[in-house]
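Peer 1: Okay, so the sequence shown: first residue is 289 according to this note's numbering, each after it adds one.
Warning: the hint list may mix true and false statements.
Stated by the list, open to error - 27 Å max Cα-Cα, derived DSSO-like pairs, lysine-lysine:
#: 1; residue 1: Lys769; residue 2: Lys851
#: 2; residue 1: Lys828; residue 2: Lys660
#: 3; residue 1: Lys660; residue 2: Lys376
#: 4; residue 1: Lys667; residue 2: Lys828
#: 5; residue 1: Lys828; residue 2: Lys851
#: 6; residue 1: Lys769; residue 2: Lys743
Simulated from the structure, these hints should not be mistaken for lab results.
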Amino acid sequence: MEAVDAILGEPTSLWDGGERNPLDDHVARGGRDVRSQRHLLLPVLHSLQDRVGWVSRGGLEYACRRLSVPPADAYGVVTFYDRFATEKRPALAVHVCDDVACKCAGADELCAALESSFGPSGALGSHSGAAWYRSPCLGLCDRAPAVMVERAGLRHSHGRVTSATASSVRDVLGGAEPPVYEVAGLSQPRSEVSLLRRVGDADPGSFDSYRAAGGYRALRRAIEMGPEAVIREITDARLLGRGGAAFPTGRKWDAVARTPARPHYMVCNADESETGTFKDRVLMEGDPFAVVEAMTIAGLATGCEHGYMYVRGEYPLARHRMEGAVQQARERGFLGDDVAGSATRFDIEVRRGASAYICGEETALFNSIEGKRGEPRNKPPFPVQAGLFSLPTLVNNVETLVNVLEILNNGAAAFAATGTAESTGTRLFCLSGHVRAPGVYEVPMGTTLGALIDKAGGLPEGRRLEAVLLGGAAGSFVTEKQLDVPLSFEGTRSIGATLGSGAVMVLDDTADLSSILLRIAAFFRHESCGQCVPCRVGTKRQEEILQRVLSSRNGNSHEGDIKLLADIAQAMRDASICGLGQTAASAIQSAIPLMVAR
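All chains should be built: construct the whole structure from the sequences, respecting the hints.
Peer 2: See the structure below:
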C-alpha cells in the first residue's frame, strides 16, 4: 500500500481505498473525476515493482481500488509490459543483453557461463536472493556486452556492468555492488560536432553550467520571434524527423498549431528501444537541459501547455537527469505558468517506459502514458488531430528536438547548408559491433557509410567485413559493395535500405550471421503486441521457418521455405497496423542473399 500511496497520496475516502467518512454515505466519486486518474496506473505499477521486485495480487487490487480501474483491465496492462513481474521473484535481478552488438562481444559465452553457475535464465539456483535474465538490447551497445542490475526495496537502485565478464556478473549475483557507471564522452573531436558539443563539457546536473555554455539562447529567440515565425524557420531549414519516418518537422508543428481543439499536448519520444541505438541516451545523460529547452520551444510554438517525456525504462540515469533538469528549469522560471517571462504556460512531466519495444510507436506510446496496454492505434486520425487523450499532440524524438536549437541559434539557411538538398543538417549514428571505437558519431548528412566506419577506427586488424546492419533490427543488411552509399534519406532509399534510428552495427567475418538472424526473428516474435493477425502470426511463422532453413545443411531443399518467408514478409508489410509488423522481416529478407552466397 505504501508504494501505491507514494504516487497517489493518502486516500481520503472509502471510494479511493481509505476509511469511511460521513460524506461517503452521501457522495460517490465517478465519471470524469475517476477517469482522470487512469493515466497514473503505470507510475503506480513501477512503484510496486521497485518496492518489492514484483506486482503482487494484493498490491494490484489496492491500486485498482485507488484508481477505480477494473482488476481484469489492470492485469492486462501488467502482463503486457516485460518490466512488471506477476510472480514473486528475488529482489536482485540481473539482466544480461544477448542482442546483436552484445553477441558480437561474447554475450553467448557470458550467458553460457552464468547458466553453468546459476542455472538457466530466470532460475533461482542456489542463490535464492538473486536471479539473472536474458534481455534484448539495453542501449549500451558501445560498451558490450552489457548488463543491467536492479535491486528492489525501499532504496530501489539500478546499476550497470559494461564490458561485462562472467566473473564481474557472478560477483554482482553474489551480492557485490556493480561498478560505478561512467558516462561516455565524445567519440570524436569536439570541433567536429554541434549537437553533441556540450556532452562531456557542461555539467549535466547544473542549470547554470548549461546557461554558461549557451543554453536557453534559442528559447529567448523563439519568444522574441513568436510561434508562427519559429515554425516558418523550422520549415525553411527542411528538418526531417530523426526517428526513422523522416516526416518534415515544420509541417508537423504547423499542423498541430493550426488544430482548433484544445488543449494541445507535446510528447518527446525517448523510448529508444531499437536494437543498436543509443544516441538519445547519450544526449539525455550528457545534455539534458538541451532537451528541456527544445521541448519548451516546441510547446510554445504549437500552443501546448503540457509536455510528457517518455524515457525508456532501461535508461535510469537518463531519466534521473531529465527529472533533475525539469525541476531546475521550473525553479528558475523556464517552465511553469510564465516561461522565461513570456506570460505563456508550459510544463513537462517525465514518464518511465516499461520495457515494451512497441511503445516506440507514437500511438502505442500515447496508450502507455494513458495507463493502458501499449497497443498501436489505427491511423487516421493522426496524432496532430487526435493523439494523447484524443487531443491534438505533437510528437518528436530527442535528436529531432535538439536540432531545433541549432536552427534557432544559427538560422535556417546555415542549417540547410550542411548535408544534402533533401537531407539537411548533421545526423547522429550509433556505431557498434566489430569496430575499434564504438560510440555515437555526428556527421553531415550524405557522409558515406565507409567513411563513417573509418571514423570509428575501422574493423579490427586482419578482419574482413561481412555485412553492416543499418537501421537496427527493423533495418537492412548492406554489404561491402555498398559502403559508398551516402547516409542520407534519399541515398539509403536508392539501395532499398533506410537510415532508421541511426544504428550502424558492423559485422566482420567472425560474426555468426545465422545466430544473429535467429535473434532478430525471436525479438520481433516476442515484441509483437499481438493486436493484428499479420504481425502476431507472421512473426511466429517467420521464426519457425528461419530456424528450419538455417538448420538445413542443404540449402536447395528449402527453396520453398525461402519463398514462403518472402510471402509472409509481404503480408506483414501490407496488412500490419504499425511499423513493427511492417518492418519485422526487413533485416531477414535483406540477409537471404548473403546466406545463399555462403
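Peer 1: Now, for every hint given, state plainly whether the structure supports it.
Peer 2: Hints, one by one, checked against the model:
1. Distance hint between Lys769 and Lys851 is fulfilled; the C-alpha atoms sit about 25 Å from each other, no more than 27 Å.
2. The suggested pairing of Lys828 with Lys660 holds, with an alpha-carbon distance near 25 Å, which does not exceed 27 Å.
3. The straight-line distance between the Cα atoms of Lys660 and Lys376 is roughly 23 Å, inside the 27 Å bound, and the hint therefore holds.
4. Annotation: proposed proximity of Lys667 to Lys828 holds, straight-line Cα distance about 25 Å (limit 27 Å).
5. Restraint check: the Cα-Cα separation between Lys828 and Lys851 comes to about 16 Å, which is no more than 27 Å; the hinted pair holds.
6. A distance of roughly 18 Å separates the Cα atoms of Lys769 and Lys743; the hinted pair therefore holds under the 27 Å criterion.
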